[in-house]
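Residue numbers (numbering that gives the first Met the number 0): 0 to 727.
Mixed in with the good hints there might be a few duds.
Here are the simulated distance ranges between beta carbons [to be verified]:
(1) ASN695 - THR3: 36 to 44 Å
(2) THR60 - ALA170: 52 to 60 Å
(3) SER694 - LYS355: 27 to 35 Å
(4) PRO492 - ALA170: 42 to 50 Å
List time: in silico DSS-like cross-link candidates among lysine-lysine, alpha-carbon distance up to 25 Å [to be verified]:
(5) LYS696 - LYS681
(6) LYS614 - LYS349
(7) LYS387 - LYS398
(8) LYS349 - LYS608
(9) LYS625 - LYS725
(10) LYS371 - LYS398
(11) LYS608 - LYS312
(12) LYS349 - LYS312
(13) LYS681 - LYS725
(14) LYS322 - LYS614
(15) LYS26 - LYS7
(16) LYS322 - LYS398
(17) LYS489 - LYS398
(18) LYS7 - LYS312
(19) LYS349 - LYS7
(20) LYS725 - LYS355
(21) LYS725 - LYS696
(22) LYS371 - LYS355
(23) LYS625 - LYS614
For the record, the hints were derived by calculation from the structure and aren't laboratory data.
These numbers come from a predicted model, not from an experiment.
For each residue, glycine too, the CB sits at the ideal point set by N, CA and C.
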Amino acid sequence: MPITFDQKNGIFHLRNTQVSYVLQVTKEGYLLHRYWGKAVCTYRESASLVFLDRGFSPNPTSDDRTFSLDTLPMEYPSYGSGDFRTPAFEAAFADGSAVTDLRYASHRVVAGKPGLPGLPATYVETAAEAQTLEITVKDVLSGLEAVLSYTVFEQGGAITRSVRFQNSGKAPVRLLRVLSASIDFSDDVFELLTLDGAHANERNVTRRRLTPGTQLVDSCRGASSHQHNPFIALLRPNTDENTGEAYGFNLVYSGNFLAQAQVDQFHTARVSIGINPFDFEWLLRPGESFQSPEAVLVYSEAGLDGLSQVYHKLYRERLCGGKFRDALRPVLLNSWEAAYFNFDADSILKLAQEAKDVGIELVVLDDGWFGKRDDDNSSLGDWVIYHKKLPEGLDGLGKRIHELGLQFGLWFEPEMVSENSDLYRAHPDWCLHVNGRPHTRGRNQLVLDLSREDVCTYIVDAVCDILSSAPIDYVKWDMNRHMTEVGSAKLPPERQRETAHRYILGLYRVMDAITSRFPDVLFESCSGGGGRFDPAILYYMPQTWTSDNTDAVCRLKIQYGTSIIYPPSTICSHVSVSPNEQVGRITPLQTRGYVAMSGNFGYELDLGKLSKTEKAEVSCQIALYKEIRPLIQFGKQHRLLSPFEGNETAWLYVSQDGSEALAFYFKVLAQPAVPIRILRLKGLDPSEQYRDLGSNKVFGGDELMYIGLTVPIENGDFISTIWHFKQI
0 MPITFDQKNG
10 IFHLRNTQVS
20 YVLQVTKEGY
30 LLHRYWGKAV
40 CTYRESASLV
50 FLDRGFSPNP
60 TSDDRTFSLD
70 TLPMEYPSYG
80 SGDFRTPAFE
90 AAFADGSAVT
100 DLRYASHRVV
110 AGKPGLPGLP
120 ATYVETAAEA
130 QTLEITVKDV
140 LSGLEAVLSY
150 TVFEQGGAIT
160 RSVRFQNSGK
170 APVRLLRVLS
180 ASIDFSDDVF
190 ELLTLDGAHA
200 NERNVTRRRL
210 TPGTQLVDSC
220 RGASSHQHNP
230 FIALLRPNTD
240 ENTGEAYGFN
250 LVYSGNFLAQ
260 AQVDQFHTAR
270 VSIGINPFDF
280 EWLLRPGESF
290 QSPEAVLVYS
300 EAGLDGLSQV
310 YHKLYRERLC
320 GGKFRDALRP
330 VLLNSWEAAY
340 FNFDADSILK
350 LAQEAKDVGI
360 ELVVLDDGWF
370 GKRDDDNSSL
380 GDWVIYHKKL
390 PEGLDGLGKR
400 IHELGLQFGL
410 WFEPEMVSEN
420 SDLYRAHPDW
430 CLHVNGRPHT
440 RGRNQLVLDL
450 SREDVCTYIV
460 DAVCDILSSA
470 PIDYVKWDMN
480 RHMTEVGSAK
490 LPPERQRETA
500 HRYILGLYRV
510 MDAITSRFPD
520 VLFESCSGGG
530 GRFDPAILYY
540 MPQTWTSDNT
550 DAVCRLKIQY
560 GTSIIYPPST
570 ICSHVSVSPN
580 EQVGRITPLQ
590 TRGYVAMSGN
600 FGYELDLGKL
610 SKTEKAEVSC
620 QIALYKEIRP
630 LIQFGKQHRL
640 LSPFEGNETA
650 WLYVSQDGSE
660 ALAFYFKVLA
670 QPAVPIRILR
680 LKGLDPSEQY
690 RDLGSNKVFG
700 GDELMYIGLT
710 VPIENGDFIS
720 TIWHFKQI
């Protein structure tokens, strides 16, 4: 895992056994990107730079018309000195200019991986796990410095990048664009992969060819969003799950982001990712600094599966933290689709008894337990118990649920406020707003201004008071609207465009304070489902409600797309009623169960309305899940058939040591004259024998991987099958 510097040629080489990343300082002091890809032992410029006198490509030096920033592979490109591609950053100075010229100043290599102040990031537990290179580049005229940070891990194909700006000059600087990473590739022969969608339809896999110009995904909603995940990947043509080169970029950030690929006039591609410059500005006074979020860059020579394995392992082991990182997650019942707002203590206890009878471990009381909350028109922000519904309070209810041998969970939406609330009446200026402009409402609520320290303190105190008052084992943290009228009563005019980012920093402070104070509480994040399913939130809360859409067929695509980056231990998936309440589809309980088992398992329905036969099936599902739970939550997941390419979906979970495997197969609609489907498994030991626990037949690992497993033909729609193998 060395980071080496060839001083004679100005070459930095970050390397482990999977990946190499190479930068070079030119004699003029410019920092160039030279290589990122499969690990090489040495780098001696076999693919040397070609210098040509290109028309309309200007030259920063008067003695060389072939040297132009417009044609060089820049490592962290700036604006105004001849590179006409999209810059990684922009700044405005006191004299009104925006031209910058970053040149190499110094560097250092440190053992381990320093944290990022105020921001979540991947981490190491010992200094031996990683090395970090910090390169300082400086705009001499203004005194503005950028410290570019690169971490290479001992294992895996990930490189993390971030940048810290420091104003070492004598005048204020306004940062207008601060991207976390930019990569210049030597060609444009790629496909672009993004994860796109909408509320209740998140993270659909989209692939398209790179073409001249700029293709991007972004969010300006104040959250990472349902619409686009803060992720982008370049794939070599014909890259599939198993073969081909893939380059992934994922931003560890929960707010407005930009991820883009730009193809220039000479058919080279520039990929960049970071905070969205839309409605962003940061005033940097002399002596102050600004830290960007982290970008996690992953290279794979083994297709999308190889890309996913790196992200999954890194995020499961070195992004998620706390006691629940390595703990089995409970099977839960959430009250929302069972009761909505219409419940009292007796009805919740009845649900809890039903849950206990079928083997559920955790009962979650969703929206409606606080203030005077009988619908979504009031009480957000008033985190006090609604005694009309809960006369014994949360303490009494929680103790009675604990007496049943169950855990007790609670829903919060701490970032929001209802206009019909005591909090809003006392502090109308505590919400995001612009003076003189009317509020735009979403779900009858407004967004609290988390850029304010007093608002953050209120949220921390209010949530902690509730968690201290009752035996609460789990929290579902929701966020059900996006930002409008993004302004703060606390900030002066020249800092108003800092509000959205300051909100996110405040959110991280709040989450850190609460989760640190209650390390034995399992926190699950939610934003109308998967509207804030990003790496940054996982740093504080190790699992996320993947989508408000619980339809099993829709969930095939949602969970498949999510698995491109995020490990199964972070994905929450529940069985709901049929017909489904989001799309009205009727699906078998078995299929709903198998889809939901492919993550953190639970139920969103009224168990009391099920027949005896259905309850017996639910009990069997839960018993099966408890048996396979370690394999699902902490094994390796492999995708076998894509729902985006046909009528079938299949995925596989394999234990870390390869001794156990569980394959899922789903067919959506019955079709005539179907071909015979054979699934080739992955990740087994080819020299070992495996028993199919369903049929009791024994197969070699090599046979299951190289020849495959025949899927039985079964008539009907929404068919599902599983195979469970154990090494003998």
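Results for each hint:
Checking the proposed 36 to 44 Å range against ASN695 and THR3 shows it is violated: the Cβ atoms sit about 55 Å from each other. Judged by the Cβ atoms, the range 52 to 60 Å given for THR60 and ALA170 is violated: they are separated by roughly 27 Å. Hint check: SER694 to LYS355, Cβ distance near 33 Å, so the stated range 27 to 35 Å holds. With their beta carbons about 19 Å apart, PRO492 and ALA170 fall outside the hinted range of 42 to 50 Å.
Of the supplied pair hints, the one linking LYS696 and LYS681 holds, its CA atoms being roughly 19 Å apart against a limit of 25 Å. Proposed proximity of LYS614 and LYS349 is supported: the alpha carbons are some 15 Å apart, at most 25 Å. Taken as a hint, the LYS387 and LYS398 pair is honoured in the structure, with Cα atoms around 18 Å apart against an allowance of 25 Å. The straight-line distance between the Cα atoms of LYS349 and LYS608 is roughly 12 Å, inside the 25 Å bound, and the hint therefore holds.
For the given pair, LYS625 sits about 16 Å from LYS725 by alpha-carbon distance, which is consistent with the 25 Å threshold. About 23 Å separates the Cα atoms of LYS371 and LYS398, which keeps this hinted pair within 25 Å; it holds. Our distance criterion of 25 Å between C-alpha atoms is broken by LYS608 and LYS312, whose separation comes to about 40 Å. Among the hinted pairs, LYS349 with LYS312 is inconsistent with the structure: their alpha-carbon atoms are about 40 Å apart, more than 25 Å.
Restraint check for LYS681 and LYS725: satisfied, since their Cα atoms lie roughly 14 Å apart, inside the 25 Å limit. Proximity of LYS322 to LYS614 is assessed by CA-CA distance (about 32 Å); at most 25 Å being required, the pair is judged violated. Restraint check for LYS26 and LYS7: the C-alpha separation of about 10 Å stays at or below 25 Å, so the hint holds. Among the hinted pairs, LYS322 with LYS398 is consistent with the structure: their alpha-carbon atoms are about 23 Å apart, no more than 25 Å.
Restraint check for LYS489 and LYS398: not satisfied, since their Cα atoms lie roughly 42 Å apart, outside the 25 Å limit. Note on LYS7 and LYS312: the hinted pairing is violated, with a Cα-Cα distance of about 37 Å set against a maximum of 25 Å. For the given pair, LYS349 sits about 75 Å from LYS7 by alpha-carbon distance, which is inconsistent with the 25 Å threshold. Restraint check: the Cα-Cα separation between LYS725 and LYS355 comes to about 30 Å, which exceeds 25 Å; the hinted pair is violated.
Among the hinted pairs, LYS725 with LYS696 is consistent with the structure: their alpha-carbon atoms are about 11 Å apart, no more than 25 Å. Pair hint LYS371 plus LYS355 does not hold up; C-alpha atoms about 29 Å apart against a cutoff of 25 Å. For the hint linking LYS625 to LYS614, the alpha-carbon distance of about 17 Å falls within 25 Å, and the restraint holds.
Consistency with the previously given hints fails for numbers 1, 2, 4, 11, 12, 14, 17, 18, 19, 20, 22, ordered from lowest to highest.
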